[in-house]
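Trainee: Could you put the whole structure together from the sequences, leaning on the hints where they help?
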Amino acid sequence: MTIQTKTSRRKFLAQAGATSLGFTIVPSSVLASPAPSDRLNFGHIGIGGRGRRFLRPLAQLDEPAVQWQNLGGPGDRVLRPALSVALCDIDASRLDLAATAVGGRPRLYKDFRRLLEQRDIDAVFIAAPDHWHALMTIMACQAGKDVYVEKPASKTVEEGRAMVTATERYGRVVQVGSQGRSQETAYSACKYIQNGQIGRVREVKCWHYENPRGDWTPDSDPPDGLDYDRWIGPARHVPYNETRTHGRFRWMLDFGGGQIRDRGAHVMSIAQWIMDADYTGPVSVETTGEPHHDGMYDTPQEMTVTYEFKDPDWTLIWAQPGEPSTEIEARYGAVYHGDSDRLTVTYGDRHTTDTEQKAKDYKIPHGGVEPYHSPGHGEDFEDCIRSREKPIMHIESAHRVATLCILGNISFRLRRKLEWDPVNERVKNDEEANRLLSRPGRGPWHL
Amino acid sequence: MPTTEEFLAEIQSDDEDVRYAAWSIAEQMDPAVIPALSELLLADEPGVRKAAAEALNNIVHSVGKEVDALALRAAAGRAEASESDKRQAVVKELLSLLGSERQEAERVMALRQLSLIATVDAVPAIAELAPDRNLREEVVFCLERIPGKTSEDALLGALANADDDFKPRVLAALGHRQAEEAMSACLEAMKSPDATLAMAGMKAAARIGGRVGGELRLPDYDALSEWHKTEFTDSLLRYADAQVEKGNPNGAWPIYRQVLEREEEHWQCAAIVAIAKIGTAEAAAAIFPKLRSDDSTVRITAQKTWERMSKPSEA
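Chains A and B are the protein sequences, given in the same order.
The first sequence runs 1 to 447 under our numbering.
The second sequence runs 448 to 762 under our numbering.
Among these hints, one or two may not hold up.
To be verified - List time: in silico DSSO-like cross-link candidates among lysine-lysine, alpha-carbon distance up to 27 angstroms: (1) B:K724 with B:K751; (2) B:K533 with A:K428; (3) A:K390 with B:K758; (4) B:K533 with A:K417.
Hints listed in this document are in silico derivations from the structure and should not be mistaken for laboratory results.
Note that the structure is a prediction, hence the values are computed from the model and not measured.
Mentor: Set out below in structure tokens:
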């Protein structure tokens, strides 16, 4: 199915929906009988700061349009009704808050496997810490659920590939939350560059501010209501420490991986998309950098990662702090350097993604390259639940982006350059680096 | 370069920049410094603990890459110890930290570092710790990472002697390693009345995908929990996929046909996707009825796989 066809079909569905009263009802003539249920039922695993944004409350069920928050797109869609029918969190306080926000009677769980057993759930949103993303996604596929999982896709290369395998095995739809590709401005930048407006791109230079340092706090008992053993899950055990859990785990290499994995998953996702590198990878990765000299966190204070790609030849650089763009002021982003010009794309997440006016004004000529134009990240996911098409940030592309981030950190830890085989997904001539591509699971949590 | 005493003093400095400078060059120190660094993992001052840990990391990582020792010596024009000799020295020092006289935190650190650079020679010393309830998780983690039959044999030994509550963990490690020799142990575990152990055996067997000779006793499906039922069918599919990969599609067909007729759409979809990969006329005949399934997801999945099957394969 061509991109043109897919876009046209989606426009048709949206228009068909817009003519209905109140709820969006897909005419049964669009799909062979019987027509699908009008309402999507969602389950949610991990309902912290990020996870709460995906909730679909009962109070909004009758609204004619529910726009996804911060997930891009032109915002002109009328969405189908959806309801959060099941919530799961290992922190009882978060579960209670979310249940109140949703209203009605969502079923509440502390064990995500019980949530996955619930048969009336169409799709799950996974916003647990990074080290849980892979296993939860795989298990959700096994349970027949489509998945929206937060970025970064995985902690290890092995996990990422296992997610791809599970998605394909079960014919599931998995959208990863690098919503930059669904931003209008990112789309503008993509069409501008893919239609040769800056010439052949030789180098993409990303910049981002440094990682935080972390104070020293003593290890302690976990708070009441937090199932810490379940929080650790498949990762190696460390004693509970408040500076290492909710939200701040991302500054520990064992759980998160620093800004390269957090924001890099956004900025480099757009770069990978624009450079049409979703099914490949670099041939070498080299990181230089310096860790914080003190403090709890072990992600680098500053780092520069150089990725060399071949056929076509180009270089991707992730730098903290790096060199901010002189065209658009922003805390992070990327500058695309072509033979004839350059273009800045800032951020890559949220609605703050921006690019230069010349790209926004650009119109694709007849016969030009037309990148896929996402209606919005959440909208795209919901479309694909029905169409069974791959979403814009499908798991293979997300796995490849996560691999960039993972390799950058491995090179930093080992303090040496890695020669990477993107086809077999192995490091050449480096036994230790290859052992770091996977991580045996703790307790009952295994791929 | 500092002496060992100077180096250890710098690791314990009050000045974080001095500590950082020391740990940055730790790989230049003699591996004999490892036990002293290990003791500093238990220092009162967290900055010192961090410096010691990072120094240990750098020492270990410095020997983690396989390098042709002769070429290295030839390129450097020197006759001192090759990297692989140094690697052996580092491993030796880490192994010395496994003794019961060391603190648990040191032994855990040593096992985690060994998981990155140890080879089969280190396996016996590591496997000796398998019965220790406080260390067994780390031991299995470590063995799971060391390539080679010796570590798989060690895992099998650990399985035989493990408490029942830990057998699933060891079975998972053997499944992850796709250890062919563990197949019979997995099939034996599947006979257990303990559903967790039986399913652990089944999952591992599915991942190994070895041929099953003789009587096969699957866990009692109806007695399983809901989640175990999911794992049961997933394991059947993985096992069937393994048969196809090994050139034995006849071993997969009965499983695929059974799963294809399940009520749940995702099992049907999984069977459709798997059968399509076989790509024969028989496969097409099995998928064809699903093109008119009442379930739209099944129908669309069948349509898409049908389209892929009818296209010539890409070069």
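Trainee: Compare the structure with each hint and give your call.
Mentor: Structure-based check of all given hints:
With a CA separation close to 13 angstroms, the supplied pair K724 of chain B and K751 of chain B stays within the 27 angstroms bound. Restraint check for K533 of chain B and K428 of chain A: satisfied, since their Cα atoms lie roughly 21 angstroms apart, inside the 27 angstroms limit. Pair hint K390 of chain A plus K758 of chain B holds up; C-alpha atoms about 19 angstroms apart against a cutoff of 27 angstroms. Under the criterion of a C-alpha separation no larger than 27 angstroms, the hint pairing K533 of chain B with K417 of chain A is consistent with the structure, at around 20 angstroms.
The structure shown violates none of the earlier numbered hints.
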